[in-house]
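Protein chains in written order, with the working numbering: chain A, 280 to 545; chain B, 14 to 86.
Honestly, the hints are just simulated from the structure, not real lab data.
Hints may be right or wrong, so weigh each one.
Said to hold, decoys possible - Below, computed lysine to aspartate or glutamate pairings styled on DMTMM-like, alpha-carbon distance capped at 20 Å: (1) Lys311(A) - Asp298(A); (2) Lys416(A) - Glu466(A); (3) Lys58(B) - Asp368(A); (4) Lys416(A) - Asp298(A); (5) Lys416(A) - Glu367(A); (6) Lys58(B) - Asp433(A); (7) Lys58(B) - Glu28(B); (8) Lys58(B) - Asp338(A); (9) Lys311(A) - Glu367(A); (10) Lys58(B) - Asp413(A); (11) Lys502(A) - Asp350(A); (12) Lys416(A) - Asp392(A); (13) Lys353(A) - Glu367(A); (14) Lys353(A) - Asp413(A); (15) Lys58(B) - Glu367(A); (16) Lys58(B) - Glu409(A); (17) Lys353(A) - Asp314(A); (18) Lys502(A) - Glu378(A).
Stated by the list, open to error - From chain A, some residues computed to sit far from chain B (all C-beta separations above 10 Å): (19) Thr295; (20) Asn359; (21) Ser376; (22) Lys416; (23) Leu429; (24) Thr437; (25) Leu493; (26) Phe520; (27) Ser536.
Unchecked claim - Going by beta-carbon spacing under 8 Å, a handful of chain A positions derived as facing chain B: (28) Val332; (29) Val337; (30) Ser341; (31) Val426.
Just so it is clear, CB atoms sit at the ideal spot from N, CA and C, and this is done for glycine as well.
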Amino acid sequence: MGSSETVTGNTPTPLTLGDRTFRSRLFVGTGKYSDAETMNAALEASGCEVVTVAIRRVDLNSGDNLLSQLDREKYFLLPNTAGCFNAEDAVRVCQLSRELGLGDWVKLEVLGDRKTLLPDPVGTLEACRELVDDGFKVLVYSSDDPVLALRLQDAGATSVMPAGSPIGSGQGILNSNNLAIILEQLEVPVIIDAGVGTASDVTIAMELGAEGVLLNTGIAGAKDPVAMAHAMRHALDAGWFAARAGRIPRRRYAQASSPTEGVLGE
Amino acid sequence: MSDQPTRFEIQLNGEVHQVETDTTVLDLVNSLPIDPVAVAVERNKRIVPRSLHAETTLEAGDQIEVVTIVGGG
Chain A
280 MGSSETVTGN TPTPLTLGDR TFRSRLFVGT GKYSDAETMN AALEASGCEV VTVAIRRVDL
340 NSGDNLLSQL DREKYFLLPN TAGCFNAEDA VRVCQLSREL GLGDWVKLEV LGDRKTLLPD
400 PVGTLEACRE LVDDGFKVLV YSSDDPVLAL RLQDAGATSV MPAGSPIGSG QGILNSNNLA
460 IILEQLEVPV IIDAGVGTAS DVTIAMELGA EGVLLNTGIA GAKDPVAMAH AMRHALDAGW
520 FAARAGRIPR RRYAQASSPT EGVLGE
Chain B
14 MSDQPTRFEI QLNGEVHQVE TDTTVLDLVN SLPIDPVAVA VERNKRIVPR SLHAETTLEA
74 GDQIEVVTIV GGG
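With the hints as extra help, turn the sequences into a complete structure.
Right under this line is the structure:
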């Protein structure tokens, strides 16, 4: 991003990642919905084009799952490696996803700890290198560590996706300073992934200069997922424009908005 | 041939599963309650490409994983 960009129109410009362009900068997960109808309505309301999905063992008793009711024509499916705690398993999942016909794009997650679901930086970097070598386009879930983010970029990641806060925690952006450093240092697009609790978190991420936001629980877990999806969509647009509009500096004291001359009684 | 066992055990998605002799990956997939085109199959940690499902015969002790796409973040 940058202030040199010309802002025209009333929607953000499309997002280019690698050799693809996406009309929406909001990526939405398909997990945790109570029913397929709510999921489809929420995805529609979010305006998203990219949806994340997971790869799991087939349920041997009932093969049915919510995702069979997703309109696959409408969305770009981005398979994740959620639940993988080492590089080997993550790479296996990506290969299975390719075999499932999902192509070469993956959201890589190698987790280090079940309680925090924070990424294992070593395993993440190892898997990222291996997948890039194998021709995958890797959008990689990362911590908010600027050094790791740079290493993942060097490893050939298509996008680095630092967490705002732990997955599903709803704590929003916890370390805006680290994210700002990552955004300043990286050349590949940075998408803030995880931790979004409400619309303002998305706006803050975009105001910091993120190219996009990926979230799931913030919508799926809201009391009214469709209303929250609307909110997230507009929050993203708000943050994208604000980041390019050149905000006023913060001042300690007031600055009158109305003319200071010609006031009655002076 | 009469002393050949007609059934043997494999591991299917982490569970013990009985299959008949000469069962192929395709037979196995077709026996599951899911659209066969919506799955990918691993045999002993190596992917069995869809094009080989019909000609890949299961053997006793095989570890088979059949996966599909589900909702996720």
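Right, here's what the structure says about each hint:
1. Lys311(A) - Asp298(A): violated (31 Å)
2. Lys416(A) - Glu466(A): holds (16 Å)
3. Lys58(B) - Asp368(A): holds (10 Å)
4. Lys416(A) - Asp298(A): holds (10 Å)
5. Lys416(A) - Glu367(A): Distance ~17 Å between Lys416(A) and Glu367(A) Cα, so the pair holds.
6. Lys58(B) - Asp433(A): Distance of about 29 Å is beyond 20 Å: violated.
7. Lys58(B) - Glu28(B): OK: Lys58(B) and Glu28(B) at ~15 Å, within 20 Å.
8. Lys58(B) - Asp338(A): It holds: about 19 Å lies between the C-alpha atoms, which stays within 20 Å.
9. Lys311(A) - Glu367(A): violated (26 Å)
10. Lys58(B) - Asp413(A): holds (17 Å)
11. Lys502(A) - Asp350(A): Since the Cα atoms of Lys502(A) and Asp350(A) sit roughly 23 Å apart, the hinted pair is violated (cutoff 20 Å).
12. Lys416(A) - Asp392(A): violated (25 Å)
13. Lys353(A) - Glu367(A): The given pair, whose Cα atoms are some 32 Å apart, is violated under the 20 Å limit.
14. Lys353(A) - Asp413(A): violated (28 Å)
15. Lys58(B) - Glu367(A): Measuring from Cα to Cα gives roughly 11 Å; hence the hint holds.
16. Lys58(B) - Glu409(A): holds (17 Å)
17. Lys353(A) - Asp314(A): The given pair, whose Cα atoms are some 18 Å apart, holds under the 20 Å limit.
18. Lys502(A) - Glu378(A): Violated, at about 36 Å.
19. Thr295: holds (23 Å)
20. Asn359: With a cut-off of 10 Å, Asn359(A) comes too close to chain B, as the shortest Cβ separation is near 6 Å.
21. Ser376: violated (8 Å)
22. Lys416: holds (18 Å)
23. Leu429: holds (25 Å)
24. Thr437: holds (18 Å)
25. Leu493: violated (8 Å)
26. Phe520: Given that every Cβ of chain B is farther than 10 Å from that of Phe520(A), nearest at about 27 Å, it holds.
27. Ser536: Non-interface label on Ser536(A) holds, nearest chain B Cβ at 43 Å vs cutoff 10 Å.
28. Val332: holds (5 Å)
29. Val337: holds (5 Å)
30. Ser341: holds (6 Å)
31. Val426: Status violated, d = 25 Å.
Going down the numbered hints, you'll see the structure goes against 1, 6, 9, 11, 12, 13, 14, 18, 20, 21, 25, 31, while the others check out.
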